[in-house]
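Engineer: Sequence:
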Amino acid sequence: MRSIPLAMTWETFQRGRWGLLLGALGANALPMMLLAALRHEGGVEPADPSLIVMQVTLVQINMFAFGAAIFSAQGAPSRLYAYPIRTEAIVAWHMLLAMALIALEVVVSTTVLNLLFDQEWPLWGPALFSAAALVAILAVCWLTDKAAWLPWSIGLVGAVLGLWFKSRYGPMFSQPTHVWSAITPSEVATLLAVVGLSYWVAIIGVGRSRCGEQLGSLGIVAWLGRAFDQEMEVGPPFLSPAQAQFWFEWRKKGWAMPGSTLFCLILMLCVWLLFVRNPKDVVEMLVVSGGVLSILGLISGLIMGNTGPSDSNLEMGSFLGTRPMTSVDLSRTILKVAAGSVLIAWLIWGVAFLILSGILLATQSMPQPFFPSGVQWWYVPATLLGSWTVLALVASASLAGRMTWLWKIYFGLFGFVIVFVLFSKFALSPAAQSQLFYGVMAVGGIAFVLGTVWAYAKALRRSLIGRPAACVAASLWAVLSMVVMLEWVRHPVEQFPVYLFVIGLMAAAVAPLAAAPLALTWNRNR
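Position one of the sequence shown corresponds to residue 1 (the working numbering), numbered consecutively onward.
Among the hints, a few may not be true.
Stated by the list, open to error - DSSO-like mimics (lysine-lysine), calculated; alpha carbons at most 30 angstroms apart, straight line:
no., residue 1, residue 2
1, K336, K408
2, K458, K253
3, K336, K252
4, K425, K408
5, K408, K252
6, K253, K146
7, K408, K458
Said to hold, decoys possible - Between beta-carbon pairs, the in silico distance windows are:
no., residue 1, residue 2, range
8, K408, Q364, 29 to 35 angstroms
9, S434, M485, 48 to 54 angstroms
10, L354, A92, 46 to 52 angstroms
11, L273, R461, 52 to 58 angstroms
12, A362, G155, 24 to 30 angstroms
13, E284, K336, 33 to 39 angstroms
14, G451, Q175, 40 to 46 angstroms
15, I409, L163, 35 to 41 angstroms
16, W255, G207, 32 to 38 angstroms
17, R467, F496, 15 to 21 angstroms
18, R86, M33, 42 to 48 angstroms
19, M403, T326, 20 to 26 angstroms
20, G207, E284, 41 to 47 angstroms
21, T322, Q175, 26 to 32 angstroms
Calculated from the structure, these hints are not laboratory results. Treat the numbers as computed from the prediction; the structure is a model and nothing was measured. Beta carbons: idealized from backbone N, C-alpha and C, even for Gly.
Based on the provided sequences and hints, a complete structural model is requested.
Structural biologist: Structure below.
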């Protein structure tokens, strides 16, 4: 390479080529599915307020999803500290490349969505905002690296930037009224100021880290540590290796999902108290947060299923591989930790919902109706079952230890969604689109059931699961399927293929009991 900046650029694309592609696909999968579903239901006018709200939300989700891929591809600046390059150059090339990548991705993504779904979403405003917001988040991360200030600083900067972005579509604290159709000189100046301030803050943060200096602290964390730190006590010995492994796994991974759930709820409550203060909106926020549990389950599943020495290497090392316990016991221990983590996170959400309901009832501020339209009794258990299914399936896939194999699955799913949307848009009539949609739902449900049967047959043949456990799992799936069928008979609001897909998801909920030991055995004995 002729220069270090050129080498940095080449390294970003070399080490992150698959991550960037996956990030782009993941960032666009949700808007494509939502817009495809709306088209299937008859479509929505581009100027409809609900569609504007969707655009504002999806642009920020796109920014965070692809921004995370850029952050992973570039790596931490600390890897360049020993190179003969100034701190200003490290920061500048990181930021310039990140801004160019995310702006290009937003423009291409919005253009494709506009062409596919006949929308009129603006291009350059969201693209420029995404570039400025990304470098602002990067600067805050570098400034508060390895400090207790990190999550709070990111939350504050993200809230301020999000509110400014929201104000481009109408009043800051009201529903959006119009799209961000034109960029004014004052808006360009504001974004340039954000970029300049971020560059200055990033130089301070990277320079401090490069010199090994610690960020100043108020001492709150240290005080809490002294206040709640108890003297070490030698308790009774563990009765079995499985018990010791459960203790180790729980201390290392068990609080990942409950902690994330609590942080999200606190952040949502703070935003509501500061900017909204409408009882109906806080109820809707808590209802939506129940669905967010599945997203947190996706992230936590990657953590739970990682038995490798690092986040980027899932292959089990010799230290864990030589533990005096079988792969069956080890996989069961991991699933127990996952189940406990999901249950505690769900209870945190449920307790928050009950406390809020009590407060609204005591203050006579209960909205009528209490639940948003479309939310029925099954939503509450569905949040628990959905988060468990997502977490357990992702953890089981990660336990296989094959990163390449895992990437292929994710790429295949995202690629299928995009191909499905494109084919439906340009090759089929509306009636044929409905038939294809229900056909895919039916095939997906059947595939989940057949995949679960295959996993149990394979696990039984290799004595990785007992027949009593398989019978319990089959009985549980049968009971859940009967509940779904009764709901279809009582309220046939959707076609039968949709309920068939849900029945397949019920099978996927019990599949990890057989899939986890199979995957872990494959990993441990590779």
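Engineer: Of all the hints numbered above, which does this structure not satisfy? Sort the numbers upward.
Structural biologist: 8, 9, 17 and 21
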